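There are 2 protein chains.
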Amino acid sequence: MKTVALAGGVGAARLLRGLTKLVPTRDLTIIGNTGDDFTLYGLHISPDLDTIMYTLAGIVNETNGWGIKNDTHNTLNTLGKLGQETWFKLGDKDLATHIIRTKLLKEGKSLTQATAQLMKMHNLKTKLVPMSNQPVHTKIVSPTQTMDFQEYFVKNQTKPKVTNVIYEDAEKAEPAPGIVEAIDHAQRIIICPSNPILSIAPILAIPAIRRALQATKAYTVAISPIIAGKTIKGPAAKIMNSMGLDASAIGVAKYYKDTADEIIIDQNDASQRNQIQKLRLKVTITNTIMKNLKDSTHLSRIALKKQKRLVEKTQDSISLPARAKK
Amino acid sequence: MKTVALAGGVGAARLLRGLTKLVPTRDLTIIGNTGDDFTLYGLHISPDLDTIMYTLAGIVNETNGWGIKNDTHNTLNTLGKLGQETWFKLGDKDLATHIIRTKLLKEGKSLTQATAQLMKMHNLKTKLVPMSNQPVHTKIVSPTQTMDFQEYFVKNQTKPKVTNVIYEDAEKAEPAPGIVEAIDHAQRIIICPSNPILSIAPILAIPAIRRALQATKAYTVAISPIIAGKTIKGPAAKIMNSMGLDASAIGVAKYYKDTADEIIIDQNDASQRNQIQKLRLKVTITNTIMKNLKDSTHLSRIALKKQKRLVEKTQDSISLPARAKK
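Protein chains in written order, with this note's numbering: chain A, 595 to 920; chain B, 595 to 920.
Honestly, I wouldn't trust all of these hints.
Copies of the same chain look alike in the list, so a pair counts if it fits in one copy or across any two.
Cut-off 20 Å, straight-line C-alpha distance, at most; resulting in silico cross-link-like pairs (SDA-like, lysine to any residue) [as the list claims (entries may be wrong)]:
1) Lys697 <-> Phe632
2) Lys683 <-> Lys899
3) Lys596 <-> Gly702
4) Lys766 <-> Gln781
5) Lys848 <-> Asn862
6) Lys675 <-> Lys697
7) Lys675 <-> Met713
8) Lys675 <-> Asn664
9) Lys700 <-> Gly677
10) Lys615 <-> Thr891
11) Lys721 <-> Glu679
12) Lys811 <-> Asn655
13) Lys811 <-> His716
14) Lys675 <-> Ile653
15) Lys766 <-> Gln808
16) Lys888 <-> Thr757
17) Lys703 <-> Gly636
18) Lys766 <-> Gly652
19) Lys714 <-> Gly772
20) Lys753 <-> Trp681
21) Lys700 <-> Gln751
22) Lys700 <-> Gly636
23) Lys703 <-> Gln678
24) Lys885 <-> Asp852
25) Lys697 <-> Thr657
26) Lys697 <-> Leu634
27) Lys766 <-> Phe632
28) Lys700 <-> Pro729
Keep in mind that the hints were calculated from the coordinates and are not lab data.
Note that this is a predicted model, so its numbers are computed, not measured.
Just chain A, same shape as in the assembly:
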């Protein structure tokens, strides 16, 4: 089954570990969020692409969910001693990725080409594509400042109140080559259990991707990243609450109600089934906590299960989540 996955960081990576076991390499396209890409010490860092790559390569730091296992921080500590900011916990092994990516981009390669080369260097054949070769910056707006995600998440530890999220330059960004074709030919779109506002919406904010998702005949399954009102990793619940959205399976369902045919929610949230069904979404209840490959494969298998649409989509009815609109 030709499958396209829209992916953020840790939650997506954990799902993809299973999904890549079930979907043949040639049939899977992963569209990675690059709204959180940033430049640190002159190096181009793509946190979500790296998290997916490290997870698929089996070298991810399982405790954090990101970074490389058994990494050291000697460069970072030295940068700190020399007066540089060190809020981003850059590992020495991890640094090799950023150095190579920056070098490839400097040589004129696109982010898509650089990503493909890095995947190949990690002996991965999976097609991981950044959402765009052009920069799109997800910005967190608080009453006092506008921040990059990493600044909000790592440096300010999610303390500022979030009043808005903007996807800077998304409207003029082109999808990376192959993305629109992959969506056009897909039979299944999977929205990974990632932060809807920070990881999935930036992808949807690119007009040609949004249009392709509106036009596709593929059955779309979203997996809720919110379990019992919380997230396994990251600030999705906090951001959703901050933005006045309900940080619950229902809140996620509402967010995706015009994009998805089905939502997979955790067994802890089984009581929310009826309310979600009222949104005319199919609801599947299972364990969505992925502690190991078995959990990831189980959840992937459910996301790939043959289903029939409850509601036949039309170009009119399928619109972008309100909050993802600029």
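Take the given structure of chain A and dock chain B to it, following the hints.
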């Protein structure tokens, strides 16, 4: 005494460790060779400037003479696993310097400004100036290829026969700001015990520096890097032999005979005194092996000793060593 030191890598750094204890900071200008600067993985590396900085900061790896002590190589090993060349033994702590320098240059700072900032970050007040803000590339010519120094020295382990050395773009390079003034006002010029052909000649190959050294009234002392036909570190003897020069104190004296007033040679080479004196150079014999700060201070004190010229220089008589001419 206002002093200018022309400096290469390890030998120079060891002398400067002593010299900086004897000459007040405001009176000392170190002109560092940047002919061996190169770009690796997109990072700007200045090997000689770094060796001097790490040595003066007391963090140099004493065994190697370069790099930072107790460093690890996790980024390098990871780059290797990802298929990158790893012949340059880049340490994780060392990498912080290259990252900061590259970032500063990218932001539009000159190499002089970047060097000053890095020195300041290492709590060093010594004025270390790159010979030029423009790139000058020392190239080693062998019968089969033309190489950068690092390529010849580290990658090819000094195996190729050297037929020539060229200082690419030296003729059009400007000295870094302040260099000409420092030489004009100097009372003492010290040519550090560095490789004459690879570390000192690139500095002399910059026309305005050459002219300033020809015009200066400062007494010029060169310290031979060759001891008993060998070098403590680096390939000076090998290169000199390869180029048909005598790898001996006499060979060094001949090389500097039109530039220096005096040459300091090692006690192991005392027998060469008479022959060198015939070149109309003052000869001072002492221990030139610097195992510790005491040795460095001792040698620096001798290099700073008040001396009278044997031969009054004229602009005509003082010329660049033949081999340093392009």
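Going down the list of hints, with the structure as the test:
1. When the C-alpha separation of Lys697 and Phe632 is checked against a cutoff of 20 Å, the pair qualifies both within a copy, at 15 Å, and between copies, at 14 Å.
2. With identical chains, the CA atoms of Lys683 and Lys899 are never at most 20 Å apart, being 39 Å at best within one copy and 51 Å at best between copies.
3. In the homo-oligomer, the alpha carbons of Lys596 and Gly702 never lie at most 20 Å apart, since the shortest distance is 31 Å inside one protomer and 48 Å across protomers.
4. Proximity of Lys766 and Gln781 under a CA criterion of 20 Å is satisfied in neither setting, with 28 Å inside one chain copy and 63 Å between copies.
5. Taking CA atoms no more than 20 Å apart as the test, Lys848 paired with Asn862 passes inside one copy only; the shortest distance there is 18 Å, against 86 Å between copies.
6. Only between protomers do Lys675 and Lys697 lie at most 20 Å apart by alpha-carbon distance; the minimum there is 17 Å, versus 25 Å within a single protomer.
7. With identical chains, the CA atoms of Lys675 and Met713 are at most 20 Å apart between copies only, with a shortest distance of 13 Å across copies and 33 Å within one.
8. Taking the shortest alpha-carbon separations for Lys675 and Asn664, only the inter-copy value of 15 Å comes in at or below 20 Å, while the best intra-copy value is 22 Å.
9. Taking the shortest alpha-carbon separations for Lys700 and Gly677, only the inter-copy value of 18 Å comes in at or below 20 Å, while the best intra-copy value is 26 Å.
10. Only within a single protomer do Lys615 and Thr891 lie at most 20 Å apart by alpha-carbon distance; the minimum there is 7 Å, versus 66 Å between protomers.
11. For the identical chains of this complex, Lys721 and Glu679 are neighbours neither inside a copy (34 Å) nor across copies (26 Å), given an alpha-carbon limit of 20 Å.
12. In this assembly of identical chains, Lys811 and Asn655 lie within 20 Å of each other by CA distance neither inside one copy nor across copies; the values are 37 Å within and 63 Å between.
13. For a Cα distance limit of 20 Å, the shortest separation of Lys811 from His716 qualifies neither inside one copy, at 34 Å, nor across copies, at 61 Å.
14. For the identical chains of this complex, Lys675 and Ile653 are inter-copy neighbours only, at 13 Å across copies versus 28 Å inside a copy, given an alpha-carbon limit of 20 Å.
15. Proximity of Lys766 to Gln808 under the C-alpha cut-off of 20 Å is restricted to the intra-copy arrangement: shortest distance 18 Å within a copy versus 60 Å between copies.
16. For a Cα distance limit of 20 Å, the shortest separation of Lys888 from Thr757 qualifies neither inside one copy, at 39 Å, nor across copies, at 64 Å.
17. Both within a single protomer and between protomers do Lys703 and Gly636 lie at most 20 Å apart by alpha-carbon distance, with minima of 17 Å and 13 Å respectively.
18. Taking the closest pair of Cα atoms, Lys766 and Gly652 never come within 20 Å of each other, the shortest separation being 35 Å inside a single copy and 52 Å across copies.
19. In this assembly of identical chains, the alpha carbons of Lys714 and Gly772 lie at most 20 Å apart only when taken from the same copy (18 Å versus 49 Å across copies).
20. Taking the shortest Cα distances, Lys753 and Trp681 sit within 20 Å of each other inside one copy (15 Å), while across copies they are farther apart (45 Å).
21. Taking the closest pair of Cα atoms, Lys700 and Gln751 never come within 20 Å of each other, the shortest separation being 32 Å inside a single copy and 29 Å across copies.
22. Within a single copy, Lys700 and Gly636 get their C-alpha atoms as close as 11 Å, and across copies as close as 8 Å, so both meet the 20 Å cut-off.
23. Only between protomers do Lys703 and Gln678 lie at most 20 Å apart by alpha-carbon distance; the minimum there is 17 Å, versus 28 Å within a single protomer.
24. For the homomeric pair Lys885 and Asp852, neither the shortest alpha-carbon distance inside one copy (30 Å) nor that between copies (75 Å) is at most 20 Å.
25. Taking the shortest alpha-carbon separations for Lys697 and Thr657, neither the intra-copy value of 29 Å nor the inter-copy value of 31 Å comes in at or below 20 Å.
26. Taking the shortest Cα distances, Lys697 and Leu634 sit within 20 Å of each other both inside one copy (14 Å) and across copies (9 Å).
27. In the homo-oligomer, the alpha carbons of Lys766 and Phe632 lie at most 20 Å apart inside one protomer (18 Å), although the nearest pairing across protomers, at 38 Å, exceeds that limit.
28. Taking CA atoms no more than 20 Å apart as the test, Lys700 paired with Pro729 passes in both settings, with 15 Å inside one copy and 19 Å between copies.
Hint compliance for this structure: hints 2, 3, 4, 11, 12, 13, 16, 18, 21, 24 and 25 are broken, all remaining hints hold.
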